[in-house]
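Q: The lines below spell out each chain.
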Amino acid sequence: MRRLALPGIVFATFIFLAAPVLIVVVASFNSGAVLSFPPTGFTTRWYERINPLFLHALYVSVVVGLSTAFLSTVSGVPAALALARGRYLGRDLLNSLCLSPLMVPALVTGVALYQFSLAVWDVTGIGLGGTIPGLVLGHMTFGIPFVIRAVIAGHARFDRALEEAARNLGATPLETFWRVTLPVLQPSIVSGAIFAFLMSLDDVPIALFVGGGDATTLPVRIFTTVEFDFGGDIMAVASLIVGASVVLMLLLDRLVGLEQFFGSRH
Amino acid sequence: MSDVRFEAVEKAYGDFVAVRGIDLHIRPGEFLTLLGPSGCGKTTCLRLVAGFIAPTSGRIVMGGRDVTALPPHRRNTGMVFQSYALFPHRTVAENIAFGLEVRRLSRAECRARVADAVKLVRLERLVDSYPAQLSGGQRQRVALARAIVIKPEVLLLDEPLAALDLKLREELQVEIKRIQSEIKITTLFVTHDQGEALSMSDRVAVMRDGAIVQIGAPDELYERPNSRYVANFVGRTNLIPVVVRGRTDRGYRVASRTAPPMDFEVAGPQTATFDVGEACFLGARPEHLHLGTGRANAIEAEVRTLTYLGSVWRVEVETTAGEMFTVLAHPGEALPLSGAIVPIGWRAESCFLLKDA
Numbered sequence: 055m056r057r058l059a060l061p062g063i064v065f066a067t068f069i070f071l072a073a074p075v076l077i078v079v080v081a082s083f084n085s086g087a088v089l090s091f092p093p094t095g096f097t098t099r100w101y102e103r104i105n106p107l108f109l110h111a112l113y114v115s116v117v118v119g120l121s122t123a124f125l126s127t128v129s130g131v132p133a134a135l136a137l138a139r140g141r142y143l144g145r146d147l148l149n150s151l152c153l154s155p156l157m158v159p160a161l162v163t164g165v166a167l168y169q170f171s172l173a174v175w176d177v178t179g180i181g182l183g184g185t186i187p188g189l190v191l192g193h194m195t196f197g198i199p200f201v202i203r204a205v206i207a208g209h210a211r212f213d214r215a216l217e218e219a220a221r222n223l224g225a226t227p228l229e230t231f232w233r234v235t236l237p238v239l240q241p242s243i244v245s246g247a248i249f250a251f252l253m254s255l256d257d258v259p260i261a262l263f264v265g266g267g268d269a270t271t272l273p274v275r276i277f278t279t280v281e282f283d284f285g286g287d288i289m290a291v292a293s294l295i296v297g298a299s300v301v302l303m304l305l306l307d308r309l310v311g312l313e314q315f316f317g318s319r320h
Numbered sequence: 196m197s198d199v200r201f202e203a204v205e206k207a208y209g210d211f212v213a214v215r216g217i218d219l220h221i222r223p224g225e226f227l228t229l230l231g232p233s234g235c236g237k238t239t240c241l242r243l244v245a246g247f248i249a250p251t252s253g254r255i256v257m258g259g260r261d262v263t264a265l266p267p268h269r270r271n272t273g274m275v276f277q278s279y280a281l282f283p284h285r286t287v288a289e290n291i292a293f294g295l296e297v298r299r300l301s302r303a304e305c306r307a308r309v310a311d312a313v314k315l316v317r318l319e320r321l322v323d324s325y326p327a328q329l330s331g332g333q334r335q336r337v338a339l340a341r342a343i344v345i346k347p348e349v350l351l352l353d354e355p356l357a358a359l360d361l362k363l364r365e366e367l368q369v370e371i372k373r374i375q376s377e378i379k380i381t382t383l384f385v386t387h388d389q390g391e392a393l394s395m396s397d398r399v400a401v402m403r404d405g406a407i408v409q410i411g412a413p414d415e416l417y418e419r420p421n422s423r424y425v426a427n428f429v430g431r432t433n434l435i436p437v438v439v440r441g442r443t444d445r446g447y448r449v450a451s452r453t454a455p456p457m458d459f460e461v462a463g464p465q466t467a468t469f470d471v472g473e474a475c476f477l478g479a480r481p482e483h484l485h486l487g488t489g490r491a492n493a494i495e496a497e498v499r500t501l502t503y504l505g506s507v508w509r510v511e512v513e514t515t516a517g518e519m520f521t522v523l524a525h526p527g528e529a530l531p532l533s534g535a536i537v538p539i540g541w542r543a544e545s546c547f548l549l550k551d552a
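Protein sequence lines, in the order shown, are assigned to chains A and B. Taking our numbering, I'd label the letters of the first sequence as residues 55 to 320. Taking our numbering, I'd label the letters of the second sequence as residues 196 to 552.
Any given hint might turn out to be false.
[Unchecked claim] Calculated Cβ distances over 10 Å to all of chain B for the following chain A residues: (1) THR67; (2) LEU147; (3) SER150; (4) ARG221; (5) GLY224; (6) THR226; (7) VAL234; (8) ASP256; (9) LEU262.
[Claimed, not checked] Okay, the calculated bits of chain A under chain B, using three or more residues with CB under 8 Å as the criterion: (10) 106-120; (11) 237-246.
Simulated from the structure, these hints should not be mistaken for laboratory data. From the three backbone atoms N, C-alpha and C, an ideal C-beta is built for every residue, glycine too.
With the sequences and hints as input, model every part of the structure.
A: Structure follows, in structure tokens:
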């Protein structure tokens, strides 16, 4: 009995976590009334009826996600190195400051960014609200901390002797950075970037305040649709997202390994 | 082949002086070891040569060229790190090729020199492996190949064997020595292991608190240490407090500072001169002490413990003055019982005098 207890608990937990997702997938192929259970027949018509607005929203989400990931990485990696290596006054303070956006509720950040975009409009006449650059800026507030956190964590295992070895073998500081430091930290950098991308893709509160109009992301589009026009095509869209996530996870596991990605392996 | 010269090199970190005014000449092709306990400044010396740190004062001259102000990548030294510091994202061949790549050598030349280096350290079958797939000894060989493939003016070894087990360590000692003499490269080796220092070096410099206390060939150091510190750091030594009674044509006549005093004879060259009446120490190595009489010097002692070490027995005895001595007895010799009072003797040539400092 005791040998079966642990696997049983694991399996039950898995069912508990996966059941809602499975129900959505099943519902998306249900020919009966929306959210009727058990399903009455098989159909793909919800998939055929997906509103083109969702496709545009997906496009916005991916563009915003990729830009967020890229810009967060480009600015987060040097910041992380400065925080991990620097010996200067106020480093701990700076460290907390850089990670603090992760501790503020996204809704608060959303409201603040909304007010910020209004202020920018008043002063410069540049409208950030409802634009993709505005959204990217908004998402970088948590994208950068994610990258910084991942790189600092990876750096804790970085042997500084590697850089000394490179210098000793004739590499300039710049060559050392490109040929040794970056490649060795690459898994942490990639995991930080992917995290930033996923968080951007997942975000609703900030996109709700800063986005809108042409810059409506997929989660926001789904959110507003659920509110006003609940139908089977939502289930279809949700199922597609689930499918895409599964594929992404498999790819990630293949490329970097999920344990490495979530930082549980040392 | 280049030489390396420390000229009054000093390195201080705030109030802490890691290296205090070292003058040292490493001759071309020489294998010189810095030996000392951790914190004695030996690794600091190595890092000063590599250029990772700059001296507070003094100069470092390599092959006649003052390199004190040069950054590490312009010095042409090859260093083997204690942690090996192999690049985890590069294969064995790519690790070894690193220094050649940054020197912008042609691909053909790179390949040829990597192949030579790989052959020298006998890693032909592992060129495409990654460091994570190698054993400690194999990593050590890669690190060595990577350091020598760039034909450095001086090879720097920072406790390269410390992380290996005993058998492998002995194997690599021989291996490093073979490679070093094969390519005749000037080598500065840092270790806290006196056995390693004695077996590998042309000369050994014993360090203490940032200064060199004695430098010499391994046998000089072992047979004629110049201080109690060196005598105890390099091998084991039995010490007797003595006072000089007079000179003989071959050395000194001394007497123990006990009541009643016992007379001893010391012969052969000493590291310093001693005045009549001077208080000093007489030192003798455990393997030079013998159970039994019939030698120039003799004392009586009570046997405390007997330990079988395979090739020899280690006999711990307590002298009448209450000092613990170690004697090595060879198998076949008659062994005393614990608690027995035995005579212990040694020749005048196989003991030495040490200043009372």
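Q: Work down the list of hints and note, for each, if the structure agrees.
A: Comparing the hints with the structure gives:
1. A cut-off of 10 Å between C-beta atoms confirms that A/THR67 is not in contact with chain B; the least separation is 34 Å.
2. Non-interface status of A/LEU147 relative to chain B is upheld: no Cβ of that chain comes within 10 Å, the nearest being about 25 Å off.
3. Interface exclusion of A/SER150 from chain B stands, the closest Cβ pair being 29 Å apart, more than 10 Å.
4. A/ARG221, annotated as away from the interface, has a beta carbon of chain B within 10 Å; the closest lies near 4 Å.
5. With a cut of 10 Å on Cβ distances, A/GLY224 falls inside the contact zone with chain B, its closest approach being about 5 Å.
6. With a closest Cβ-Cβ approach of about 6 Å to chain B, A/THR226 is found to fall inside the 10 Å limit, against its non-interface label.
7. Not every Cβ of chain B is farther than 10 Å from the Cβ of A/VAL234; the closest lies at roughly 6 Å, contradicting the non-interface assignment.
8. Distance check on A/ASP256: its Cβ is at least 31 Å (rounded) from any Cβ of chain B, clearing the 10 Å threshold; non-interface status holds.
9. Against chain B, the non-interface label of A/LEU262 holds: every CB pair exceeds 10 Å, the least being about 42 Å.
10. For the segment 106-120 of chain A, the proposed coverage by chain B is not satisfied: 0 residues have a C-beta within less than 8 Å of a C-beta in that chain, short of the threshold of three.
11. With a cut-off of 8 Å between beta carbons, the segment 237-246 of chain A has 3 residues touching chain B; three or more are needed, and the interface restraint holds.
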